[in-house]
Amino acid sequence: MFAPFILALRAAGVPASIMEYLALLRAMKEGVAGFSVDDFYHLCRAALVKDERHLDRFDRVFGEIFKGLDSPQGDAPRTLPEEWLRKIAEKTLTPEEMAAIEAMGGFDALMEALKKRLEEQKGRHQGGSKWIGTAGTSPFGAYGYNPEGVRIGQSESRHRRAVKVWDQRTFKDLDEDEALSSRNMKVALRRLRRFARTGAATELDLPGTIGATARNGGSLDLHMVPERHNAVKVLLLMDIGGSMDDHIRICQELFTAARSEFKHLEFWYFHNCPYERVWRTNRRRRETERPMMEVLRTYGPDWRLVFVGDATMSPYEIIQPGGSVEHWNEEAGQVWMARLTRHFRKAAWLNPVDQSHWRYTQSIGVMERLMENRMYPLTLAGLESMARQLAR
Amino acid sequence: MAQFKGTERYVAGRDLEVAVNAAVALQRPLLVKGEPGTGKTVLAQEIAKALGYPLIEWHIKSTTKAQQGLYEYDAVSRLRDGQLGDPRVHDIANYIVRGKMWDAFESEQPVVLLIDEIDKADIEFPNDLQFFVYETRKTVAAKHRPVVIITSNNEKELPDAFLRRCFFHYIRFPDRETMEMIVKAHYPDIRQALLREALNVFFEIRDVNELKKKPATSELLDWLKLLTIEDMPPEALRSSDAKTALPPLYGAMLKNEQDVHLFERLAFLARRRGQ
Ligand SMILES: Nc1ncnc2c1ncn2[C@@H]1O[C@H](COP(=O)(O)OP(=O)(O)OP(=O)(O)O)[C@@H](O)[C@H]1O
Ligand SMILES: [Mg+2]
Chain A
1 MFAPFILALR
11 AAGVPASIME
21 YLALLRAMKE
31 GVAGFSVDDF
41 YHLCRAALVK
51 DERHLDRFDR
61 VFGEIFKGLD
71 SPQGDAPRTL
81 PEEWLRKIAE
91 KTLTPEEMAA
101 IEAMGGFDAL
111 MEALKKRLEE
121 QKGRHQGGSK
131 WIGTAGTSPF
141 GAYGYNPEGV
151 RIGQSESRHR
161 RAVKVWDQRT
171 FKDLDEDEAL
181 SSRNMKVALR
191 RLRRFARTGA
201 ATELDLPGTI
211 GATARNGGSL
221 DLHMVPERHN
231 AVKVLLLMDI
241 GGSMDDHIRI
251 CQELFTAARS
261 EFKHLEFWYF
271 HNCPYERVWR
281 TNRRRRETER
291 PMMEVLRTYG
301 PDWRLVFVGD
311 ATMSPYEIIQ
321 PGGSVEHWNE
331 EAGQVWMARL
341 TRHFRKAAWL
351 NPVDQSHWRY
361 TQSIGVMERL
371 MENRMYPLTL
381 AGLESMARQL
391 AR
Chain B
1001 MAQFKGTERY
1011 VAGRDLEVAV
1021 NAAVALQRPL
1031 LVKGEPGTGK
1041 TVLAQEIAKA
1051 LGYPLIEWHI
1061 KSTTKAQQGL
1071 YEYDAVSRLR
1081 DGQLGDPRVH
1091 DIANYIVRGK
1101 MWDAFESEQP
1111 VVLLIDEIDK
1121 ADIEFPNDLQ
1131 FFVYETRKTV
1141 AAKHRPVVII
1151 TSNNEKELPD
1161 AFLRRCFFHY
1171 IRFPDRETME
1181 MIVKAHYPDI
1191 RQALLREALN
1201 VFFEIRDVNE
1211 LKKKPATSEL
1221 LDWLKLLTIE
1231 DMPPEALRSS
1241 DAKTALPPLY
1251 GAMLKNEQDV
1261 HLFERLAFLA
1271 RRRGQ
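Going down the list, the sequences are from chains A and B.
Just so we're aligned, residue 1 is where the first sequence starts under my numbering, counting upward by one.
Just so we're aligned, residue 1001 is where the second sequence starts under my numbering, counting upward by one.
Pulled out of the complex, with its shape left as it was, chain B reads as follows:
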């Protein structure tokens, strides 16, 4: 069995590698938690790449029902077709919409199934490897047990029975050192001076507790990309000019209007300038 390891694209700690490999070896789901932007979604992609499996992604919304992962019977379309006299209406199978679990079960090769943000809705991940399609009286059985990666943001407590079955990994928000590695994984040629100044600004912004949405890895990466495109000199980030209260191109990091206002008010920048 192929092993999962961090790559030059994806920075993974040894703890994450062990958790993934344990879940894969024992065929248990892996529950991954962590702040938004800590790489939960790309993790599933990387696992799929490492194992050489296709990835099937099921993104949960607050309105998602467990049944939708298996299949849905699209009665509305059938009603509509019936009204229009479409001949398809006579075969109910035309209105069975396959869910992501069904896709995963029927796949000829094993797959990685990502169930993203399971806590958004009341979904209990089923342990069974088959289910019955009532409308067509058919049983769908898994050809291979999928590698299941489940992410959660703590919106809801997950059921104990499920928790006992899975392995668990909590992705901490990267510290400065790790963040540097992540950035370099994306931009290997970035200038060290720019990166250093940018990380200073980034972690200072994250220290502001009142932010509605703290910038995370993706915002940092976007911002750095803009800075590079604009060929911003590192000194510009140090902002000795009293008029430039906000870091250049901050729009990439502060996506919320209230946060921008908050920022304009904050004495924090004044403090930085005073240093």
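Bound conformation, chain A alone:
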């Protein structure tokens, strides 16, 4: 009976299987959902969706398939909620109320009217005497018709009143199909985990214990080791200002993700190309400046160096002494790049520019060569490749 629903879900990328489908049917038989459309929706959702990123797709498909709530069609999946509505109505309405609904043209007309009312409300915002559920002034409220399923005039949720739950699309922000968010960035960066044992010794070191006990002539000599932690150290050098302004949001997300993922994370800013100075706070650049040589001395070669920048500039800014647009640099950017990549053997460059445009910008090609091709687009796939490369 629900086959078209399941198929539509799968087509939309919600991986519901026959197992889930059977669970749903059983739960309905067990009466878990009572006779309310909201419950039916909640039950379908709890049974068929196993990942919050799919909730919004589910809502869309549900709204599409069960349009029956607005204009019932002949085929099975669409008529079901209508049936349910009737049952709720039979249970909750008095005969006079039922008669009143019939007088209005029956359920179909009621749902149609409800839909129109909702559209009006969208236009005129909150308030007004036609607001559904303000008992006494609207036909819906007046009849006391209050199926939980369509949330008419429910007190607990003022803002959501009379909008079907699945049409609220509350989970929109969790669907990450297109958008790169700090959450899926975090998952991508997780490939960069390097577990190491540091801190207090709390775990039994079995090989160590056996070895020591044997050396002890069989007398037990317990050895402990610390627990494993993610010990990877990441140094972020970020291009800021100018052409990078177009990419502020995504860099922000990346920064947020990296900060929560790596215990050892340090970051410094540069502009266009790294030269002899970096800084910590862009607004207070002077006070927070630090010589690049000091950065090289502070962070050992075990740090992973990640540049974030669009590498979009005049090639002179990379290859010429004095090429910088904002100060006189004694040594060319490429000299600094060579110094950095020699010191930090594990390095990569993340570029927020769409990869298909890279070849139209000469400086990107120059930088890519200086990075020995370790430049990755700032996309999920790019982050993953970068993390894999840096983890080696």
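Because the hints were derived from the structure by calculation, they are not lab data.
Because the structure is a prediction, the values reported are computed rather than measured.
Any given hint might turn out to be false.
Only pairs whose alpha carbons sit at most 25 Å apart, straight line, appear in this in silico SDA-like list of lysine to any residue [to be verified]:
#: 1; chain 1: B; residue 1: K1212; chain 2: A; residue 2: L235
#: 2; chain 1: B; residue 1: K1065; chain 2: A; residue 2: R259
#: 3; chain 1: B; residue 1: K1214; chain 2: A; residue 2: W268
#: 4; chain 1: B; residue 1: K1156; chain 2: A; residue 2: N184
#: 5; chain 1: B; residue 1: K1214; chain 2: A; residue 2: R259
#: 6; chain 1: B; residue 1: K1213; chain 2: A; residue 2: R183
#: 7; chain 1: B; residue 1: K1065; chain 2: A; residue 2: L235
#: 8; chain 1: B; residue 1: K1049; chain 2: B; residue 2: D1086
#: 9; chain 1: A; residue 1: K186; chain 2: B; residue 2: K1255
#: 10; chain 1: B; residue 1: K1065; chain 2: B; residue 2: L1079
Chain B with the ligands: place on chain A using the hints.
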């Protein structure tokens, strides 16, 4: 069968109630996800209360092994006892440490079993209702199928076979209205003016994306408690004084030193003051 419903202590949406009742009725695990502090742990406690079952909690760490849920053989203690000539050493059963699953299986009455943060380690939750203790050659079989609540923070993808078996609920971070209900569930007598100002500050802080740890429900509750104890007037939260850049008693909400520094720098407070 008793039904799970939100109570005056615990605010639950209808969607959560349906998901819990479906999992209980069909005897399937319920997988619950949501930001830290959205009430996953208290949910398990509330379900246990609603059903009248005891709660057994199994908290997973990154080093937890699936086997530890069943039992562990404590060879180290036995070795030690052997060295010291303790007579207990001769019975291996003395060194079998029962896990939480074993506790749940052997319980005389049905229990709620919370497996908290399953994604911390590589654990596949077993579907079997019995297991074999190799060391003592005994089979432990469940007297009742426990009601299993599993929480995850998305550290790891969970296996498909497991996902197909369970029901799923995602707890959204409460919106303002829901948060107000949650606060009132904890402090029914709180002054409305204070609550309003506090929620303003709270949601503004949560809007700051760079925070390492965003304050959640528990931090808000702690903060409100302090504000009440100090008898803080609601106006104090509106901070018209240019010198009080941080909300009073903010330590309850910002637990991370870096976040406090970040906060001191943020123009956001300046903006608030300008309003
Ligand atoms: N819906 C709710 N109703 C009442 N109190 C709530 C609700 N949600 C959260 N709380 C309160 O918020 C606090 C945090 O809840 P809890 O510890 O269960 O969160 P959690 O999701 O398990 O967090 P973590 O992921 O950090 O373990 C508790 O004090 C709890 O009472
Ligand atoms: Mg918890």
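Pair hint outcome, K1065 (chain B) versus L235 (chain A) [Cα-Cα no greater than 25 Å]: The hint is violated at about 33 Å.
Pair hint outcome, K1065 (chain B) versus R259 (chain A) [Cα-Cα no greater than 25 Å]: At roughly 28 Å apart (the allowed maximum being 25 Å), R259 (chain A) and K1065 (chain B) break the hint.
Holds or violated: K1049 (chain B) to D1086 (chain B), with C-alpha atoms at most 25 Å apart: Cα-Cα ~43 Å, so violated.
25 Å Cα cutoff - pair K1065 (chain B), L1079 (chain B): Since the Cα atoms of K1065 (chain B) and L1079 (chain B) sit roughly 22 Å apart, the hinted pair holds (cutoff 25 Å).
25 Å Cα cutoff - pair K186 (chain A), K1255 (chain B): Cα-Cα ~22 Å, so holds.
Hint consistency between K1212 (chain B) and L235 (chain A) [alpha-carbon to alpha-carbon, up to 25 Å]: At roughly 17 Å apart (the allowed maximum being 25 Å), L235 (chain A) and K1212 (chain B) satisfy the hint.
Given pair status - R259 (chain A), K1214 (chain B), alpha carbons within 25 Å: holds, 13 Å
Satisfaction of hint between R183 (chain A) and K1213 (chain B), Cα-Cα up to 25 Å: Between K1213 (chain B) and R183 (chain A) the Cα gap is close to 14 Å, so the pair holds against 25 Å.
Holds or violated: K1156 (chain B) to N184 (chain A), with C-alpha atoms at most 25 Å apart: holds, 12 Å
Restraint check for K1214 (chain B) with W268 (chain A), where alpha carbons must lie at most 25 Å apart: holds, 24 Å
The structure shown violates the earlier hints numbered 2, 7 and 8.
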